[in-house]
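Sequential numbering from 0 applies to the sequence shown in numbering that gives the first Met the number 0.
Hints were generated in silico from the structure; no laboratory data involved.
You can take every hint at face value.
Pairs of lysine to aspartate or glutamate residues, derived as EDC-like cross-links and limited to a Cα-Cα distance of at most 20 Å, are as follows:
| # | residue 1 | residue 2 |
| --- | --- | --- |
| 1 | Lys6 | Asp16 |
| 2 | Lys72 | Glu60 |
| 3 | Lys50 | Glu60 |
Nothing here was measured: the structure is a model prediction, and the numbers come from that model.
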Amino acid sequence: MLLQELKAQIFQLPPSDRLALISAIVESLQETTIAQPDRSGAIQRMRGLLKTDKPAPTDAEVAVMLEERRVEKYLQ
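Use the sequences and the hints to build the structure in full.
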């Protein structure tokens, strides 16, 4: 049965039957588990993309990088 045919038949039902149909549809949707995205897996994959063999820069190295970037951005 096509969706259009089903809709046409629904409009022929009395209101009480339509309400019962709505309840049945809602119940069927509540019982169905909707797949949630696996965020933890995605986060782990992103961390893997960011991982390098080098150690993290020190605070002093970060300060130098920021200063170099500011010079490039504002003085050139």
